[in-house]
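A.B. asks: Each chain is listed here by its residues.
There are 2 protein chains.
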Amino acid sequence: MPTRTGDEGGHVQRDTIVALSSAPGKGAIAIVRLSGARAAEIAGKIFHPNNAAAPPENRKLRVGKFAAPGGRAFDEGMAVLMTGPDSFTGEDMAELYCHGGPAVVQALLSAACDAGARPAAPGEFTRRAFLEGKIDLVQCESVADLISAETARAARAALGHLEGGLTKALEAIWGKIIEVGAHLEAAIDFPDEFEPGAGPAPPGGPMGQSELAGRFSVIAGDLAALEKTYRSGRILREGGRVAILGRPNAGKSTLLNYLLGTKRAIMSPIPGTTRDTVEEVCDIGGIPVRLIDTAGLRDTGDPVELEGTDRARRAAASADLCLVVIDAAAGPEEVEWAAREIGGLDAPVILAANKMDLPRANLPGENEIPARICAISALTGEGMDRLRDLIAASLSGEDGGGDDQRLLTRERHRDLVVRCRKAAENGRAALERGLSPELIAVDLNEGQRALSELLGRDYGQDLLDKIFSTFCIGK
Amino acid sequence: MPTRTGDEGGHVQRDTIVALSSAPGKGAIAIVRLSGARAAEIAGKIFHPNNAAAPPENRKLRVGKFAAPGGRAFDEGMAVLMTGPDSFTGEDMAELYCHGGPAVVQALLSAACDAGARPAAPGEFTRRAFLEGKIDLVQCESVADLISAETARAARAALGHLEGGLTKALEAIWGKIIEVGAHLEAAIDFPDEFEPGAGPAPPGGPMGQSELAGRFSVIAGDLAALEKTYRSGRILREGGRVAILGRPNAGKSTLLNYLLGTKRAIMSPIPGTTRDTVEEVCDIGGIPVRLIDTAGLRDTGDPVELEGTDRARRAAASADLCLVVIDAAAGPEEVEWAAREIGGLDAPVILAANKMDLPRANLPGENEIPARICAISALTGEGMDRLRDLIAASLSGEDGGGDDQRLLTRERHRDLVVRCRKAAENGRAALERGLSPELIAVDLNEGQRALSELLGRDYGQDLLDKIFSTFCIGK
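Protein chains in written order, with the working numbering: chain A, 1 to 475; chain B, 1 to 475.
Read the hints as simulated data drawn from the structure, not as lab findings. All the pointers check out, no bait thrown in.
For identical chains, the list gives no copy identity; a pair is met inside one copy or between any two copies.
Each computed SDA-like pair below joins lysine to any residue, with the alpha-carbon atoms no more than 25 Å apart:
(1) K60 x G44
(2) K168 x N51
(3) K134 x R72
(4) K168 x G64
(5) K65 x D403
(6) K168 x P49
Start from the sequences and build out the full structure, keeping to the hints where you can.
C.D. replies: Below, the structure written as structure tokens:
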């Protein structure tokens, strides 16, 4: 059960909330969920099982009809009770399965409210699961990530978090901090043994300064390793932005279509965040990739073309990866152009030398320009598998082949991990400067607070409001 | 079990189908359904219950993880088995409740297909329920109607059909046809007793001609009564089209906004079917009403204004009801204009005399013009409750206050009921002309065939394809 600084939480009898929990719109079936002390009672007022004589059984589906309290039935379907604490929220819950039409759903929600429920706020079911101590904050966030996952790999990574992958990594660090804290307290109580060069402590006794400093280093190192996972974690969660750059007629559009065509299933155009590009999403090696097509780059005085070039450069500046496309058959000056262009880019670069089906200019070596180089033909598909592998490898980063189950995926994670790491580094520096154990304990507490906030062991209403406001209603 | 003319149906072991059964898009939870002989086996390959030791129990939810066969878990959720014939389709079914994200759903559908299921065609679950004799065709259609119902009243009407309201009315007529058929057969076997004016048959004997003619009249009358329900049934299912007509500044827009504002919940703009009007849907007395705003009508030579006037007239021509709005404070010539205009309209008309908060011209009596008249102020809301009642009464028609549970709602219903009624009338006419029982039996068979087709007791693949192709996938 998390410690709370607000007035929420704990084994409080909360009011009963209701929401549509399946996607809005028309479908064969919709799910309306109730959670709270009166869930079973309210469900009983609006759901009338066909076999009313049989007593309701936990988690057993019953067939019956839905009606407003005292009203005529408007739908038939199924309902189930899930008694707490062994439910998602930890409270008593009911799930109602009605026909998936907007009017039916609206009638069922109204009926539930007439019977005493109130409409749930976004994420309120998950928030209750958190307040009941069923899952921590990192796990709460992973619930939202599972829903918005754009590839199966992203979903598996989110499930890893929900199963406690990142939680366990953070708890291991937490344990080390607690251990160091115990030694610091001992040092405060027995200051004589806490001296520079005092050497390893006797079993059960306080650690010496150098050993403590070593422990701080380990903690900082563990946190730094987690920090490094942020880029690939963020890309897996939000998608990697890949800007496709090149001069007109280099084959950018053919390349884009080829990449999109390989996995049309999860593709959908979304308006670019900069409002001047349209992104297309595809799955490359399990990573959701947002391909940003740009206008051709060329030296021009024409204001319209200049505007296109500006947009291309802005897209490149915000990209996780730039894909520079050249027409390798166009002669050496195309290669020279690319080398110049790549020199000006901040993001990692892959140089796609297109039209390899035609006689082509010599390509530079990978030691000559700061880019991976891949000869392709967007027309015949030659080299495209390797290009996809290079894109996936670049977006996965150094942790790409590793463990998706313990990546930092949100800025909130990264910021708090950085805060904790800096506290550990400050602690070590303070030790080395021979400061008193009391002062070092201040740094340690700061680190502990950061991890507490990350896991939601200590939280305020504001933090919860901020996190759950981004959830969909019904979750 | 329906009789089939195709190769489908009956207690066949069908392959196992899978589909997303909740609405597409993002939600907290999604439902993926399986139906067919291998439903339980396939579910067992992709769902791994946390408490695997406990044997699965019919209709009991289990918590667990989802994975492709042999793959790593990508989500956690719940699953339930529903063994046939006591299931919606009558076959073995499984329902899987996963997190409602597109990638998770896609992964789960792929996993099910990898495990041996195939993607379901639109309406295939309901089609199987029909083929297994769980519901008739009219009930199948009501499933689609429940989902697309736009008001709670429309949903209740659809539920009435699903519960067999219309089916019972049709079966009562069917019973009368069968009875007449038995007497006709007797008449064929004992032609001597089947003579004009032979009077009531002895108990158990064949009916005389006049008595049979009376029976045909009753059948035709029952069918004619059903036919009359088609307008209100169609309007409840598809929505009633109400064209708002009036001269500029009569207050059409204020009126429209007032009507819409009263029930914004289920309102959404939809593109007009004629592409030149935008319809707004609202709930008036439980009826989904499509309000069609038109340009002001005025005598003009300006081509742009003429085009607007043309569109208004087209909207009026296709409307179920015209709402003519006048500025009652504008003087008698506004009333005269309305009287002329109303004379040219085919649909029922309500004359809304707006601005009753101002001093106004004398209104005509309801016996002077073919319209209901209602003084309103769209500004203050005065008279608006009565206007809504008048709109609802006009769209409900003569059956409005009656029974929503046995309305004809589709053209298919109406056409077949008309065919059956005409056959009954032909039969009576043939009797009256003294034709032989064999010839009269031809008419009777024709009527029986029409009812058979309506209920789906005799069907071809084409009919089923046509009906179920309009269903959503997953239903």
